[in-house]
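Asker: Chain residues, written in single-letter form:
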Amino acid sequence: MDFFTAIQSNLLSPAVLFFVLGVFAAVSKSDLKFPDSLYTTLTIYLLIAIGFKGGVAIHEAGLGVVWLPALAAMVLGGLIPLWTYPVLRKLGKFSVADAGAIAAHYGSVSAVTFIAATNFLKSIDEPFENYASAFLAVMESPAIIVGVILGKGVIGGGKFSLSDPGVRHALRDALLGKGVLLLIGSMIIGSLCGKRGMASVEGFFVTPFQGVLALFLLEMGMVAGRRLADLKKVGVFLLIFGLTAPLLHGFVGVLLGGWVGLSTGGATLLGVLAASASYIAAPAAVRLSVPEANPTFSLTAALAITFPFNISLGIPFFFEAAKLLHP
Amino acid sequence: MTLHPMRLVTVICEAVIEERIVEVLRECGAQGHTAFDVRGSGRQGQRSADLVESGNVQIEVIVKPATAEAMLARLHSEFFQDYAMVAYESEVRVMRPDKF
Numbered sequence: 001m002d003f004f005t006a007i008q009s010n011l012l013s014p015a016v017l018f019f020v021l022g023v024f025a026a027v028s029k030s031d032l033k034f035p036d037s038l039y040t041t042l043t044i045y046l047l048i049a050i051g052f053k054g055g056v057a058i059h060e061a062g063l064g065v066v067w068l069p070a071l072a073a074m075v076l077g078g079l080i081p082l083w084t085y086p087v088l089r090k091l092g093k094f095s096v097a098d099a100g101a102i103a104a105h106y107g108s109v110s111a112v113t114f115i116a117a118t119n120f121l122k123s124i125d126e127p128f129e130n131y132a133s134a135f136l137a138v139m140e141s142p143a144i145i146v147g148v149i150l151g152k153g154v155i156g157g158g159k160f161s162l163s164d165p166g167v168r169h170a171l172r173d174a175l176l177g178k179g180v181l182l183l184i185g186s187m188i189i190g191s192l193c194g195k196r197g198m199a200s201v202e203g204f205f206v207t208p209f210q211g212v213l214a215l216f217l218l219e220m221g222m223v224a225g226r227r228l229a230d231l232k233k234v235g236v237f238l239l240i241f242g243l244t245a246p247l248l249h250g251f252v253g254v255l256l257g258g259w260v261g262l263s264t265g266g267a268t269l270l271g272v273l274a275a276s277a278s279y280i281a282a283p284a285a286v287r288l289s290v291p292e293a294n295p296t297f298s299l300t301a302a303l304a305i306t307f308p309f310n311i312s313l314g315i316p317f318f319f320e321a322a323k324l325l326h327p
Numbered sequence: 001m002t003l004h005p006m007r008l009v010t011v012i013c014e015a016v017i018e019e020r021i022v023e024v025l026r027e028c029g030a031q032g033h034t035a036f037d038v039r040g041s042g043r044q045g046q047r048s049a050d051l052v053e054s055g056n057v058q059i060e061v062i063v064k065p066a067t068a069e070a071m072l073a074r075l076h077s078e079f080f081q082d083y084a085m086v087a088y089e090s091e092v093r094v095m096r097p098d099k100f
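Chains as they are written, first to last, in this note's numbering: chain A, 1 to 327; chain B, 1 to 100.
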């Protein structure tokens, strides 16, 4: 399959098209609105479904196969803020707090972007390691912690102390927030149950998954669409950063994925994870611990620039890169 | 029926700091609290509440007048500068003053 067919097949998936519908609904100020608790319910469903599936895959493959790529994913997540921070400080002229905050968002990951990528791979019949959701689980926290430490100005003599109640709450959020808890929890459950357990919950967690995802992306489209107006406030630098950072991180992720022995599909997924930016766990943890940072910068970049880019063009890009780098 | 004057302290703030605010209110002497999700707009922009984390929460406690002032002073020194929030007190009358 050539590159343009790949892009086309990605853009014409129900998930992406419903996202576009959501953006349109927000931009056109439609009265469409999800009930408040539905967004949370859908998030919980998606996290449990992919966690459980990943756990069953770990049961099949064995931890011996999973630990190396998972460790690589975790280290990559923790390192991304270390190079994005100086770029944001020097080139972007952001304050210490803002640079740390944005770095935390970009090192951490977006579960929905990951799910969209697995969908894409399935739609083109490209095999991938089903335990890749373990990478998603371990990549969420490290970058948040590194970004918060940077955002507190530790490099310039600032203080990162556990006696600060904001830092304490943020650490708990980063390490035990609902994303990490549900993913790792259902992964453990899945790995204990194995295939037999999967057979018993398949009807609920696998069959309706695509429909739930479409519903979720409709809502995500509205959330992102409402933030499009903020693009004017964040400046040209962040616009460019929001597109180049995922490209660069994605290529590094793909490269690393091949080195640690992942398949083309698996390397694509690690690339997508590295390219994605968090808009749930990171904003809450950063807001609590680095309150001087302006959340409009990081959230607009992650949600209104990087997320749409990744789910539309990024995913097929990284797949092509994976094919080129690891033929 | 005898009614006793007390103060109602109301805090409207970013949902993300709800637990921290409740902690402070408790430390100042609140015996309990009521919280509900709200939405609206203010000087720092629209709080659309579409992501749970970008929502607002309203927290209310009934306390003795002196406690109310101490609470507002702590909220002022620890939160006002960094977070989108308002806090105020108003007079209420209750039937069982020892409950607060």
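Think of the hints as simulated: they come from the structure by calculation, not from any bench. Incorrect hints may have been included.
Claimed, not checked - A short, non-exhaustive set of chain B residues, derived as facing chain A with CB atoms under 8 Å:
#, residue
1, E14
2, E18
3, R20
4, D98
For every residue, glycine included, the Cβ atom is placed at its ideal position computed from N, Cα and C.
Asker: Each of the hints needs a verdict: does it hold here or not?
Answerer: Outcome of the hint check:
| no. | hint | result |
| --- | --- | --- |
| 1 | E14 | holds, 7 Å |
| 2 | E18 | violated, 10 Å |
| 3 | R20 | holds, 6 Å |
| 4 | D98 | violated, 30 Å |
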